[in-house]
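*Asks:* Using the sequences plus the hints, can you model the full thing?
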Amino acid sequence: GQNIDQPTEMTATEGAIVQINCTYQTSGFNGLFWYQQHAGEAPTFLSYNVLDGLEEKGRFSSFLSRSKGYSYLLLKELQMKDSASYLCAVRAGNNRKLIWGLGTSLAVNP
Amino acid sequence: GAGVSQSPRYKVAKRGQDVALRCDPISGHVSLFWYQQALGQGPEFLTYFQNEAQLDKSGLPSDRFFAERPEGSVSTLKIQRTQQEDSAVYLCASSLGRGDNEQFFGPGTRLTVL
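As given, the protein sequences belong to chains E and P, one line each in that order.
Numbers in the numbering used here are just positions in the first sequence, counted from 1, shifted up by 7.
Numbers in the numbering used here are just positions in the second sequence, counted from 1, shifted up by 280.
Since the hints were made in silico from the structure, they are not lab data.
Idealized CB from N, CA, C, for every residue including glycine.
Certain hints may be false.
What the hints assert, rightly or not - Each computed BS3-like pair below joins lysine-lysine, with the alpha-carbon atoms no more than 25 Å apart:
#, chain 1, residue 1, chain 2, residue 2
1, P, K291, P, K358
2, P, K294, P, K358
3, P, K337, P, K291
4, E, K104, P, K337
5, P, K358, E, K104
6, E, K75, E, K64
What the hints assert, rightly or not - Among the chain E residues that face chain P by a calculated CB cut under 8 Å, a handful are:
#, residue
7, A91
8, L94
9, G108
*Replies:* In structure tokens form, the structure reads like this:
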């Protein structure tokens, strides 16, 4: 079967760095995605990893280790507006559909 | 705007009613997805279209759920004989090509079944 695990909640301080982990079990891995979702809004795309290593995009970076079934999203210089749910999603095989984790609710405090 | 739009934004239905939810994807986007998201959960895949072809409907929870995209652009998700467990936000997303990675989401339709 397919399974995605990520922490339910995290708290961090404005200006700090936070790492949100995601572990997955799937057959035919074909990419891992991170999305951000503010309360009551639609998810918005943050990053995509299909090869091992780190992808950096501004304050956000995403890392993938396929052998370990592990990814993390790193958020630097946290801002209050970063308070949101962060969703990890995996694509398996040639199917276009994504399997989603439950999301990690991040609260950024002043 | 040029984003994905969905209507209605909110829908309240009595149990047993039929509902139709509409999605207007970004113009020219080949792929269209429907997801169901319960409160505090991640989205759950329902179905996927490539142009007008419904290539995957494995996520539709029952035969009361039906989706179509007859002309390869606008899509409608229909739920017949709604039940309370159908209450959720229904998200539509589109992506440019078959192999495109980024999905652009609409604002969702919040369905409440009483």
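*Asks:* A separate judgement is required for each hint: does it hold in the structure or not?
*Replies:* Verification of the hints:
{"no.": "1", "hint": "K291(P) / K358(P)", "result": "holds, 13 Å"}
{"no.": "2", "hint": "K294(P) / K358(P)", "result": "holds, 15 Å"}
{"no.": "3", "hint": "K337(P) / K291(P)", "result": "holds, 23 Å"}
{"no.": "4", "hint": "K104(E) / K337(P)", "result": "holds, 10 Å"}
{"no.": "5", "hint": "K358(P) / K104(E)", "result": "holds, 20 Å"}
{"no.": "6", "hint": "K75(E) / K64(E)", "result": "holds, 23 Å"}
{"no.": "7", "hint": "A91", "result": "violated, 13 Å"}
{"no.": "8", "hint": "L94", "result": "holds, 5 Å"}
{"no.": "9", "hint": "G108", "result": "holds, 5 Å"}
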